[in-house]
Amino acid sequence: DVKVTQSSRYLVKRTGEKVFLECVQDMDHENMFWYRQDPGLGLRLIYFSYDVKMKEKGDIPEGYSVSREKKERFSLILESASTNQTSMYLCASGGQHNEQFFGPGTRLTVL
Amino acid sequence: GENVEQHPSTLSVQEGDSAVIKCTYSDSASNYFPWYKQELGKRPQLIIDIRSNVGEKKDQRIAVTLNKTAKHFSLHITETQPEDSAVYFCAARRNQGGKLIFGQGTELSVKP
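Protein chains in written order, with the numbering used here: chain A, 1173 to 1283; chain B, 22 to 133.
Bound-form chain B, shown alone (with noise of 0.2 Å):
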């Protein structure tokens, strides 16, 4: 069935460092990859998203690339801060509208 793979579950790095967080998926129909941020106690809320037709997306300190032909996307945090702490989802959807599949998490942790 439909699966996604994402690595590490967990991530500590220095504040100032570059965090890579990666996913693969199972099912090559996929077209929409999001990632989303849940601080603690929140809610997960979405932070940068990719469409199949890109190969890469940036959005100031943070960046998702996708490789369609090996099934994998990853999300790269540049100059990483203490607020960047949170747990991080990727997700993959077949059809616009249509249910996510979701990864397993990332706990990163920025040490000041």
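Bound-form chain A, shown alone (with noise of 0.2 Å):
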């Protein structure tokens, strides 16, 4: 069965904070994206990559670096965390011709 995981379902940080936001998938993906949600903007992509050790700009990237040491993790990074990155934040895994699997989210909340 196809699982894409991420470290937590909720979080809450202070502006400034470094945050990490974690994705695991077991299904051999060369794929992976991070996205966020926002009501009434749907799914907007902030990085993906293709590779180990590559990455490519989204839509969205200010305030967000990745890191992709390993096929199957997939890190997003707020350097430091703002109010406007509060958001829900849904990893996805899809392999060279297979649909994108989601994560469960993570819902970040930046005080």
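Hints are not guaranteed to be accurate.
When the alpha-carbon atoms are kept at most 16 Å apart in a straight line, the in silico EDC-like pairs for lysine to aspartate or glutamate are as follows [claimed, not checked]:
no.: 1; chain 1: B; residue 1: K92; chain 2: B; residue 2: E26
no.: 2; chain 1: A; residue 1: K1225; chain 2: A; residue 2: E1241
no.: 3; chain 1: B; residue 1: K58; chain 2: B; residue 2: E23
no.: 4; chain 1: B; residue 1: K63; chain 2: B; residue 2: D105
no.: 5; chain 1: B; residue 1: K89; chain 2: B; residue 2: D70
no.: 6; chain 1: B; residue 1: K58; chain 2: A; residue 2: E1271
no.: 7; chain 1: B; residue 1: K58; chain 2: B; residue 2: D70
no.: 8; chain 1: B; residue 1: K63; chain 2: A; residue 2: D1210
no.: 9; chain 1: A; residue 1: K1229; chain 2: B; residue 2: E23
The hints are simulated quantities; they were obtained by calculation from the structure and are not laboratory data.
Reconstruct the complex from the two isolated chains, following the hints.
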């Protein structure tokens, strides 16, 4: 059974803190993605990765960075969290011909 | 840039009625169009998809149609049930395995 997991379901951080969101997939997929979901704006792509140590900017990369040291793990980093980064963060993975499978999401609140 | 517009943003129907959600895309090179359903508090899950070499695809009560000339595609749900209530997202993709461009989502409410 396909599985994408995220390290936390809920996270509360303070402005200026460094935040790490972790995503792990067990399907040996090459491609991994980070989205944020906000009401009325749909799913917006932050960063994605086609391979280990490879990353590409999505539509809204500002204020974020990513790391992919191993094929199964893709991390999203908020270098200095701000209140406008309060959101639902969804990780997804997909093979070259497959659908994207989403993780359960992390609801991040920045105070 | 690449863009997907989705309408309506909210849709309320009576149980048993049909529901239609429409999307238009800007990138004429798009060739894969999935639809995701997200129930409250849960992750988005693929419910149906269509590729550009097909005009229509059906799976029980759901169907998707694609008009490549007009660059729009639609989701049709017949005989709606309360468990169809969810947020539905359309998306478009150009390259295999590449990034999906999502629409803004449609919140469907099916009233018993």
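Right, here's what the structure says about each hint:
no.	hint	result
1	B:K92 to B:E26	holds (11 Å)
2	A:K1225 to A:E1241	holds (6 Å)
3	B:K58 to B:E23	violated (22 Å)
4	B:K63 to B:D105	holds (14 Å)
5	B:K89 to B:D70	holds (15 Å)
6	B:K58 to A:E1271	holds (13 Å)
7	B:K58 to B:D70	holds (12 Å)
8	B:K63 to A:D1210	holds (14 Å)
9	A:K1229 to B:E23	holds (14 Å)
Consistency with the previously given hints fails for number 3 only.
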